[in-house]
Structure formats: structure tokens, C-alpha cells
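Student: As a plain string of letters, each chain reads:
Protein chains: 2
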Amino acid sequence: MNAPKPVLDLFSSELRVVNFGLESFGETLAGLGVPVVQVDWRPPAGGDVAMIAALDSIKNARIDVEAANALAVERILKGKPVLVGIGMARDVVPGMRPNLVLHAGPPIVWDRMCGPMRGAVIGGLIYEGLAKDRSEAEKLAASGKIDFEPCHHHAAVGPMAGVMTSRMPVWIIENETYGNRAYATLNEGLGKVLRYGAFSEEVLERLRWMETDLAPVLAKALERHGPIDMRSTIAQVLQMGDEGHNRNRAGTSIIIRELAPHLVMLDESREKISKVLSFMNANDHFFLNLTMPSAKSVVDAARGIEGSTVIIAMARNGTDFGIQISGLGDRWFIGPAGIVNGLYLPGFKAEDAAPDIGDSVITETSGIGGFAMAAAPAIVKFVGGSPADAIAFTERMYEITLAESEAYKIPALDFRGTPTAIDLRLVVEKGILPVINTGIAHKDPGVGMVGAGLVKPPENCYRDALVAFAEKYASTGGKR
Amino acid sequence: MNAPKPVLDLFSSELRVVNFGLESFGETLAGLGVPVVQVDWRPPAGGDVAMIAALDSIKNARIDVEAANALAVERILKGKPVLVGIGMARDVVPGMRPNLVLHAGPPIVWDRMCGPMRGAVIGGLIYEGLAKDRSEAEKLAASGKIDFEPCHHHAAVGPMAGVMTSRMPVWIIENETYGNRAYATLNEGLGKVLRYGAFSEEVLERLRWMETDLAPVLAKALERHGPIDMRSTIAQVLQMGDEGHNRNRAGTSIIIRELAPHLVMLDESREKISKVLSFMNANDHFFLNLTMPSAKSVVDAARGIEGSTVIIAMARNGTDFGIQISGLGDRWFIGPAGIVNGLYLPGFKAEDAAPDIGDSVITETSGIGGFAMAAAPAIVKFVGGSPADAIAFTERMYEITLAESEAYKIPALDFRGTPTAIDLRLVVEKGILPVINTGIAHKDPGVGMVGAGLVKPPENCYRDALVAFAEKYASTGGKR
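Listed in order, the protein sequences are those of chains A and B.
Each number in my numbering comes from the position in the first sequence (counting from 1) with 48 added on.
Each number in my numbering comes from the position in the second sequence (counting from 1) with 48 added on.
It is possible that part of the hints are untrue.
Identical copies carry no separate label here, and so any pair may be met within one copy or between two of them.
[As the list claims (entries may be wrong)] Distance condition first, Cα-Cα at most 20 Å in a straight line; then the derived SDA-like pairs of lysine to any residue:
(1) K478 with E250
(2) K268 with S322
(3) K107 with S326
(4) K268 with S326
(5) K268 with S317
(6) K240 with Q86
(7) K193 with V65
(8) K504 with V97
(9) K457 with G433
(10) K320 with N108
(11) K429 with D462
(12) K320 with S61
Note that these hints are calculated values from the structure, not bench results.
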């Protein structure tokens, strides 16, 4: 009976304890007067055996993951989005065609679309002249004659439903460093709008005005002004209380003041130009549709790097939330779109909400938006929480990112660069999900925005992507 | 020899010390293993006997100081500055006349004026057509034929040299709650400008364009737009990284976007309107000349309240720093203008600086500017220090103010209202001087801005005012 002796010794000598992980063990001992040093530790991936195996497998991958990620980080940090013009989707968006409807998020068929996305598709088909009313549009959408594809498959992004059709004008953003381009429609304003699934005559009328007046006038003013450096502009707005996703008042202001002197000089009627200026002034989210393709153009340059675990897309279609990984090509890993936890507009409540929707999470993917909330404490009046939460969200994101932006700085964090380049491994290993702030659409088509808040992406899509990555790059030569 | 015994007991028994004030006493004991509780305490007014007597005298004043201050606070909190128009100084500024030159700060004669103020006076006299060049202007200024009076004596405020002459256009701000008005010239932009003492032909040419083009065009656009609620606008810019004194990018942006749709509609040439928009877009301090009279109109409503210790003006003329107290009428208490501690533009250094100058400290007097630096962490890139300093400055100002703004909120401080209504008693009692951030003028006329930073007002003017207040309101019936 010698073996148990050391254990007995433990109880007869004075205890000095170092407690790893779960604090309650240490607290119990401390309550008994035992000196305890607490070490903050959690098992990787919450102790999930399959995830630990995948992480281990990636450590021994047949490719240098760190080098691949270093390249992805370099591409993202060096990206320089520049607003170069406005064009019609059919003329500039790759692969655009009359019977194609682009939508937000990962691929989805008509049958599985949520209310607001269906509403936006209906509106898009009527706008294109392919259907004359809701019932014709629904029939056509279900007929198989219309192709539905993600914006992301066409170098584009769209907020909320994200519906883009061939006759819609789009912002053209060029990543000056790498030459790739990205596109987004122009923001329609607040209230009843297509992106929230509204398709009444008022909505369509506005879309037609955007095509005939807004876009051509802005295009000419922009041509007169010259390209707008979006990297510099976004850097500025982060010092002016915007975070680049749901607070866009500074950005919208800057675009207006930059273009106004040139708008005035156009050979167009005063009324037309004044209406363009009033429209922008009345809509503080006007700038969102510029940050989104800017972010897209930057992360797209880090797409398809063999061996990189950097996340290069996150997007939601209102039914599914999906992510793409640099080293895993164009494959989507999806999970259920979550319910947004936030503040509701008067007259609406959580039961009215559609699940999480839109490509606007491209901003977080590129290191702004929710990742830069510390720069925009006033946003909590819109999405809920406290300014301290806003800072905590940003600080937490440094734990799952590989770099800090060299252009986008947060004054409140002593001008630290925003957390940039999300590493799939870190998300799973640490169990920390990307923080996303977002608008909330009504679940029924045609109603519109009902609030804004924060949403948790589904954890399984990150886990599935990790397993797929481990399999692809296994040193023993897993499935490619 | 019984008397010293308790003292000896002290050394033979175990010491437990509560240490008030100077920490080093406690630290010495703590270093010897004696348990010490430190109490943060300082003698009032740094132990100055005359100041303590004045503070005591005010406690027993023949008037209810607390009630008087409550009224002053109410007036300041309820003030609602509204931009109602643009007029010519000679038409709208009370008491304006052709041979009158208004200047920043407390009263000063030509002989005592600093370089930049002399330069601005020279420019003003040439602009008015009263002199044809520098030497004529200097002779005229010294002749006694020109009256020099503070802007503050004419319901006006001016940045830096603050020179206003009768032909200059001015913003008209009305305090909607109390009906009083305040005035300021329009901001000239950066580089060589009159307010920094420059008076070259380029400077005068710009002033003439401001009179003939800028002001009339803006006046018409403003009339078409309708009055602009400056309280709401300043509240917004404090959520967009401005503090209302030296960071004005958000404010300038908002004014542009509000007026642009109306500017376009005017029956004026495109070129003229475009130049107006470009001029505003090129000058992020354009908004400063709107916050200043807004602040002035608000604190002016709290002027002349018998028994109130609230500070209702602080201002500098480049030679003297002066303050006015609500309960002490229009009397100035002055001390030497300080040297600004800050960041210099390339090619300049501290030796080039003129002493502290300008009425812009009216912003701090009203509870924004330096008092709201926590709202504008990015300002430290302009005035020096760290974002943590910016927050500390604001937090410290709560110690010398009587209220928190109900309109102006600081997101980073959980939307706490800005520290508002400076109490002269608290400044002296606590030895905490108001924090002021400001631009730095070159000491020679005609050069311009050389930097920006923070400046300490001279303590003696607060002490002198306190003594004067104690005398006036002494319960035994002091001098009135």
C-alpha cells in the first residue's frame, strides 16, 4: 500500500494550487483559504475530439499553411479599393445575363428562399419587365427559366436580399493593387426598399429613377471628380464614428461633399441634380453599398491560395449562412441563418424578423463592420449593447485574426489597426465566432426593415470547413 | 514629564495609519510594513489662505449662490442655438461701425497687440478701404482714429485674431429659447488667412470673394433650406469624432450635405456654386465658425445673473487671457496668455509660436471643445497626446462643472452629457484649470498657422475673479 501515499501527502501538507480552466474548482479551494493561481485555459475547440484531430492534422499538413496565410494576409493588407465608376450590371458584372437574378449569400433555390428574398426576386423580375405582377413573377421564379446565383459568384455583393438584375446600375470598385474588380448596386434608401423584400410600385419607381437619373448623374460627376480612394475614405470614416457596416453617416457625408462640387457643374437640370443630392442626404446608408464592394475587392484578392485557412467570404441568404475559405476554392460551408439579437423599430418585435440575410458581412470578413465597432461607439444606439461592448467585440476579434490593418485604425484603441484576416483554425480552436452587426428584415415580403442588431453565425460551418481543409491537405494525401 | 507619553506609546504599539493627502508619507510607512490607508485629499485652493477666505466668504454670501447658479445652469442647458441667416456685420452686429475693429479676447490697445493680431488689424483696415498698405494701416491703427473692441462686447466671437470689420459677412445664430443672437465671420480656410495675421493680396482677395460670392450664395441656400438646428447638429458631430473646436470634419460635412441640394437650385452660375462647394469641402474648419457663435449664444443667456459663479466667457487676444463671471457683469479678469503645448507643422517649432489667441475657447466655456475631447479621440493626432489623455481631460472637467449637457453626449463615456457650466469656485478650490485645445499662430504677422495643441489658462485670473466675487457679495456688505 505504498502507491497512494503521495496523494495522502497532498492532504497533509500545505496546499498551493494552480488551477487551469474551469474557475469553479479554484474558487472552491480559495473559499477554503487555499492559495490559488487561476490560469485562463480552455481545451482547444471546446475539447471536441474531431476538431482537435483536424487542427492536429493541419499542423502536419503537406503544405506550409503559415506561408500560405502570410500570402493571404499580405494580399488583404495591401489591397487598395478605388471607386472607378458606375456601369449597368449587364455591361460590367461578369456573367450577367437577362434571365439571371443574383442574390445575397450562398446558393439557394426559389423553394428555399425566405420571405424578403422572394419579395426582392419578385420586384427584380417586374423591374426587368420579365413579369407584370407578383403572381406572374412567382410563377416565373418557380418555372426554372430564371437562374439564381450568388452575387459572390459574380464578383459582386448585395445588402440584405442582395438582388441584382441586368438593368440595375452598379458601383465599380477596382482593387488597384491586384487589378480585380467588385460590384454592388446603389443603395435605395430606407423604408420600403427592394433589398428588404418590398416590391410595391413606389419601390419599382425608385429603381427606375436610380437607373435613369441617379446613376447617370453620379457617374458623370464621378468621372469629373476622378477615382475616389476608398481605402483612404474608409480609414477616415473609422475616425468619424462609422464602423463601415451599419453606421455610415460619416461615409455618406464624405461622398456627398466630394461629389457635390462636380455634380453642380454637370449639364443637367438643377432639379435633377438637387434630387440626387437630396436623395443621398436623406439616406445615411448610402455609403454601405460602397464599403461592401470595397471589402469584397480586397478579400477577393486573397481567394484560392493553396493551403490558406483565411476566410474570404461570409454571406447569408436568409435561409443559410455560408463561408468560403481561401485554400478551399469556391466551395461553400453552410449552416442555418441565425436570428438577429437587437433593437426593433417601433411597432415590431422579434417574431417579425426574418433570419439573418445579406452579403454585408463582407465588411466583417475584411476587418471592418462588427470587427471595428470600437471605432463607432454610437452604433450601440442602433444595434443594442453598450459602448464598452463595442470595444470588447473588437478586442475579441484580434483573437481570431492574423493581422491588424495598416490603413484602418481605431482611435479609441490607440490607433490600433482593425483585426484583419480571419483564420478558420483560430475560430474553431478558440470557439470564438466572428461578431456581425446587421439590419433585420421583416419575414414577410414587401414590409422592409424592422430593426438592427448582432447575430451569431452558425458554428458548424466553421467546423465543417476545418474538417474539409484537414482532409484536403492531410500529409498522408487526403482527398483533394 | 508625563506629556510626551502618548507619543511614545504610538511607537511602542502596532501602527495603523490613515494618510491624508501627500502620498509619500504613506508610502514611506508602507515601505516599513505599516498598514496604510491612503485618502486622496488636498487642501482647498492648494492651501492658499486668501483663496480659502474668499471661498468661505462666498459660502456665507448675502445672496443664494446655489440658486443663482441653478438659474445659470438652466439657461445654459436649455439654450438652443439655431443658424438663421447670414448678414453683413455693419447691418446686424450690434454697435458695428466703419471705424470699429472687433478683435478676439479681452480689451487691448494697438501697442500691446501681438504680431498675428496686428497683422489681422492691418488686413482688416486695408480690406475696409481705410488704408492702402501695411504702413498706412499701422499708422492709422496707432492714430487713435480706429476703435478696438472685443468681439465679446458685440455679441460676437472670432477665432484666432478674431478681427471683424463692418464689411465682413457674418453667420447669425439665434438662441431660440431666449431670443438672443450671436455672430461670427465665415471661416476663411487654411494656409495664409487673416485670422492668423496674414494680410497679403491673396488673403484680401479671398475676403472679397467671401463678401461678394460665398456669403450671398450661402445666405440664399440657407434661406431656401430654412434655419439649421445647431444644437442637434453639434450633438451629431460629437458622435462623429468632432469635439466642436479643433476637429470639425463631421460638422463641415453635415453643413455641406444639408445645403448642397439647395445650393444647386439657386439662380446662380454653376461655376459660382461649384466654387462655394469646393471651398467648403477644402476646409474642415469651416464648421468652427458655426460652433463658436452657437456656444456664445448659449452662454450669453446666462450672463449677468446676480450671485452666479458660472464662467460665461473665456477669451484670449494673444497678449492677455481673460474671463468673465455671470455674477460680475461685463468685468474681465485677465492674466498673461500662455504658450500652447502641442504639435507643430513641418518647418515650425515652439519658438515660432505666438501666445494663446482667439475667442474659440467659447466652445470650452459652453462645455464642448476640450471639454468634449473624449468624443474625439482622433484629435490627438492634431493637438498631441493619446486617446486616453483625451478621455482623462473630459473626465477631469466634470470636477469643475455644475451640470452635464442634456443634448451633447459622449458615446465613449456611455453617452454621458459633456461637462457644462464651469463654476469659478470649483476651479479655484480644486486647482483644476479648464482644458483648452487650440490652434497655434506664428508670432509674426502674415505667416499663419504653425501648429495646434493644449494650453493652460493663467490661474491668477480665476483667483482674482474669486476675490472680486467674494468682495461684491460679502454678507457684511462689501463693495458692489
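Student: If a hint holds in the structure, say so; if it doesn't, say that too.
Tutor: Going through the hints against the structure:
1. Neither within a single protomer nor between protomers do K478 and E250 lie at most 20 Å apart by alpha-carbon distance, with minima of 48 Å and 62 Å respectively.
2. Proximity of K268 to S322 under the C-alpha cut-off of 20 Å is found in both arrangements, the shortest distances being 15 Å within a copy and 15 Å between copies.
3. Proximity of K107 and S326 under a CA criterion of 20 Å is satisfied in neither setting, with 55 Å inside one chain copy and 56 Å between copies.
4. With identical chains, the CA atoms of K268 and S326 are at most 20 Å apart both within one copy (17 Å) and between copies (17 Å).
5. With identical chains, the CA atoms of K268 and S317 are at most 20 Å apart both within one copy (14 Å) and between copies (19 Å).
6. Taking the closest pair of Cα atoms, K240 and Q86 never come within 20 Å of each other, the shortest separation being 53 Å inside a single copy and 61 Å across copies.
7. For the homomeric pair K193 and V65, neither the shortest alpha-carbon distance inside one copy (69 Å) nor that between copies (87 Å) is at most 20 Å.
8. Taking the closest pair of Cα atoms, K504 and V97 never come within 20 Å of each other, the shortest separation being 23 Å inside a single copy and 62 Å across copies.
9. Taking the shortest Cα distances, K457 and G433 sit within 20 Å of each other only across copies (16 Å), while inside one copy they are farther apart (22 Å).
10. Proximity of K320 and N108 under a CA criterion of 20 Å is satisfied in neither setting, with 62 Å inside one chain copy and 68 Å between copies.
11. Taking the closest pair of Cα atoms, K429 and D462 come within 20 Å of each other only across two copies (11 Å); inside a single copy the shortest separation is 23 Å, beyond that limit.
12. In this assembly of identical chains, K320 and S61 lie within 20 Å of each other by CA distance neither inside one copy nor across copies; the values are 87 Å within and 90 Å between.
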